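Trainee: In case you want the letters, here they are:
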Amino acid sequence: MPVNETFSTYSDWTYGAAVAVYVLAMLFSLAELAFGRRPAAARQLVGAGAPAADDAPADEEAADEAVESGERGGRAERFGRMSVSLIVFGALLHVSALLLRAAATGRVPWGNMYEFGATLSLAAVVTWLVLLRRFPIRRLSVYLLLPVTVLMFLGGLVFYTTAAPAGPPLQSYWLAIHVFAVALGSGMVLVPGVVSVLYLVKTRRPRWATRLPDADVLDQVAYRTTVFAFPIYTAGVIFGAIWAESAWGRFWGWDPKETVAFVAWVVYAAYLHSRATAGWRGGRAAVINIAGFAVMIFNLFFINLVVAGLHSYAGV
Amino acid sequence: MSEPASGSRSPGAVAFLRNTWRGLTSMRTALVLLFLLALAALPGALLPQRSLNSPKVDEFITSNGWWGRLLGRLEFFNVYGSVWFSAVYLLLFVSLVGCLTPRMFEYLTSLRTRPVLTPRNLARLPHHADGETDRYPDEVMTAARGRLKGWRLDVREEDGGARSVSAERGYLRETGNLLFHFAMLGLIVALALGKMFSYEGQVVVLANGSEFCNSGTFAYDSFTPGLRVDGTDLDEFCVKVDDFTAHYLPTGEADYFRAGLRYQAGDDLASDTWRPYSLEVNHPLRVEGDRVYLLGNGYAPVFSVTFPNGEKRTTTTQWRTVDNLTNLAEGATKFDPPGVRDPAERRRKQLAITGLFAPTAVLHDKVLASGYPDLNDPAVSIEVLQGDLGNESGRGQSIYSVDQSMVDSGRLKQVARANLRPGEELKLGDGTVVHLDGVQRWVYLQVSHDPAQVWVLGFAIALVLGLVTSLVVKRRRLWVRATPAAGDDQDGRTVVVVGGLARTDQAGYGEEFERFAGELLAELAPDGGDDDPVRQDATAGRKT
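Protein chains in written order, with my numbering: chain L, 1 to 316; chain X, 1 to 544.
Just so you know, these hints were derived from the structure itself, not from any lab. Remember, it's a predicted structure, so these values are computed and weren't measured experimentally. Positions of the beta carbon are idealized from the N, C-alpha and C atoms, including for glycine. Possibly wrong hints are sitting among the right ones.
Cβ pair distances, simulated, as ranges [claimed, not checked]:
| # | chain 1 | residue 1 | chain 2 | residue 2 | range |
| --- | --- | --- | --- | --- | --- |
| 1 | L | PHE153 | X | ARG421 | 46 to 56 Å |
| 2 | L | ALA294 | X | ASP159 | 56 to 66 Å |
| 3 | X | ARG421 | L | PRO2 | 50 to 60 Å |
| 4 | X | SER398 | L | PRO2 | 54 to 64 Å |
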């Protein structure tokens with residue numbers, strides 16, 4: 001099928017626009033972080049109305065709510081809201097870029113490393129937007145957008161691939177299923193990876209982190225997101241095995257990509273277990289979560305680019 | 001890691017074994033073993049592996065000297081069959097069994113036990129609410145039970161005419177958790193069985209109606225048997241490759257590959273019935289529990305050699321693709337002189353045609369290259385070698401090249417070289433004529449057999465189902481206590497207290513609890529609930 005050049009060009013433009021909007025959202029989020037009150041100060045302000053429960057996250061939440069209602073006109077508040085609007089706008093552009101790619105190539109828009117990176121970062125951004133509705137973490141947006149924009153910059157500048165139809169190995173409906181599940185799972189675990197770093201900063205260097213939400217909130221965000229992403233990623237790996245059975249003649253062959261996917265899976269399994277083991281909750285669990293994300297990144301870049309394997313056609 | 005249980009001083013071998021077992025099955029050890037497994041699997045991705053690319057391993061060892069040899073001796077080029085990798089996963093397997101067995105019994109017991117006693121002070125639970133009603137405690141219990149459909153319930157009588165109901169829900173969480181872990185055990189066992197009874201064979205077949213039969217290892221170019229497979233008793237089926245079509249985009253990228261097959265298996269073998277199948281990448285032929293895959297393709301130039309005595313021989317040998325973008329191929333087509341009985345004479349007259357084949361010839365000053373992967377303008381650039389091919393030397397040799405040592409020792413000499421297109425010919429000094437008749441295509445097929453893979457799939461599906469269940473379902477408890485109010489003026493009034501506790505993760509239980517408590521207390525409220533008697537404390541917030 002011929003590639004529609006017009007759509008492909010529009011896709012590239014919207015991709016660039018999405019990155020620009022994310023960078024702008026980052027600046028607004030940074031402004032919110034800079035001008036915002038420390039949670040502790042906010043809590044004192046509204047302390048009278050809050051219940052004297054020892055449940056810190058609830059307290060934190062109450063404080064945040066109070067800030068929202070009490071200082072609706074505050075500068076930080078306005079910056080925060082604008083950053084969220086910009087993230088939503090950026091995500092819409094991001095979705096359009098992928099849809100246009102799909103229209104240009106006549107296949108799903110995750111057929112090479114550039115497109116995979118784009119899908120993965122969209123998954124991370126959407127996960128973040130969902131989490132924003134449930135957790136008081138808006139002022140952390142800058143920390144999430146930083147790796148997302150780096151990823152998208154790398155994708156657009158280094159790994160960019162001209163729109164092309166899929167070759168024979170990729171002509172399978174498993175391309176839509178397996179690669180999407182893996183991109184979704186990988187994108188989602190970017191969030192706990194980042195949040196776990198913040199958790200470590202919050203618990204080990206509290207003086208640097210007075211503007212971060214409570215450690216409990218960070219821990220909850222990391223755990224809940226990982227718990228959601230882990231089955232998706234597991235299913236993604238299993239879909240890959242099913243595809244490998246019909247494409248390569250075996251469902252598992254310790255291809256480098258498979259091996260590192262397995263290693264990442266084991267590390268995330270260890271994370272879930274660590275939360276049920278005395279002495280491993282909190283800091284150590286956060287370290288394991290970060291290690292899991294590091295393995296994912298290693299699998300995306302090092303294995304695709306340096307190690308030759310069956311997945312290498314997914315490369316640049 | 002030191003064993004946590006080895007601290008206790010009970011003497012004797014039994015105590016030692018017991019402590020070892022406890023240590024091995026503790027969560028902490030399982031965690032460490034998980035890390036070891038991840039760590040042990042990594043070298044397989046970073047170092048070349050025998051099973052994937054044997055020549056690369058040899059190359060690595062040669063270029064790294066003693067370091068490479070040491071890694072080889074430590075099985076770093078065969079990680080997933082190595083002693084240390086097996087040790088880690090076997091320990092993990094034992095640890096898993098040791099952890100799951102008692103949990104299984106605990107789980108079965110918990111299915112039969114009544115929900116726990118109602119705590120004395122429900123107001124101290126993370127979720128709680130209270131209210132008053134003019135109904136009797138028994139009526140409160142009936143109302144509560146009506147709203148607790150699907151919960152495991154136990155109503156108890158307490159001192160002073162009080163009643164309480166203790167409810168628990170979410171047993172599926174543990175069910176899912178156990179299912180996940182048992183599915184994992186099953187998956188490992190199925191994998192092991194697969195390693196025993198599977199086999200995999202590769203073969204090159206010319207796409208000119210050539211036939212291949214899965215009748216023994218001799219039919220394959222390479223064959224990897226499982227531990228319990230000796231190559232006899234293979235599931236018999238035959239495949240004929242009639243044609244092969246490749247379609248390329250103008251950019252040279254492949255669009256599709258398709259091999260036209262006919263196959264016969266089972267009863268068809270006896271009746272000699274052939275069934276058609278269009279074999280493509282991603283669409284293997286599944287027959288007799290085996291799968292046939294299209295893994296590769298290439299070109300085979302057809303050469304005719306007319307020897308000085310007038311006899312003509314035609315040979316088609318596959319040449320191997322050396323450039324995947326342009327399908328430039330190299331190879332060697334070898335001939336024995338016909339009618340020469342004397343071995344010494346024959347060893348002077350053997351012939352080999354080696355060189356390059358380009359499907360779309362591009363000549364740069366007589367140097368042949370290929371400009372496009374498809375057969376647009378094929379040509380070969382060949383050397384003809386005459387002499388001793390070394391077939392009787394006892395050494396195995398590649399079908400894609402001549403034995404270089406024969407050339408080096410001068411027993412195989414180059415007698416001519418030329419670029420030929422189909423229909424063109426080359427005359428040698430002794431009157432031999434080499435003629436390029438044309439080109440055929442070959443396909444590289446793989447036959448795979450793994451009787452356990454459907455079990456692996458089944459366990460993998462169970463694993464995901466168990467995982468999702470154990471992560472989504474929440475184990476939670478709920479209590480309602482109705483106590484007759486004290487004091488004379490309070491006659492006929494009942495105090496209702498509701499308490500809730502999530503046993504695993506508090507998050508998400510708050511909403512469900514508030515809804516339950518609110519609705520129950522509203523239903524019980526006196527006077528139709530005009531003045532809301534419900535005093536609901538702030539619970540764990542709206543954290544979900």
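Trainee: Determine for every hint whether it applies to the structure shown.
Mentor: Quick rundown of the hints versus the structure:
The hint said 46 to 56 Å for the Cβ distance between PHE153 (chain L) and ARG421 (chain X), and at roughly 50 Å that hint holds. For ALA294 (chain L) paired with ASP159 (chain X), a C-beta distance near 59 Å keeps the hint of 56 to 66 Å intact. As the Cβ distance of ARG421 (chain X) to PRO2 (chain L) is approximately 32 Å, the hint placing it in 50 to 60 Å is violated. For the pair SER398 (chain X) and PRO2 (chain L), the beta carbons lie near 41 Å from each other, so the given range of 54 to 64 Å is not met.
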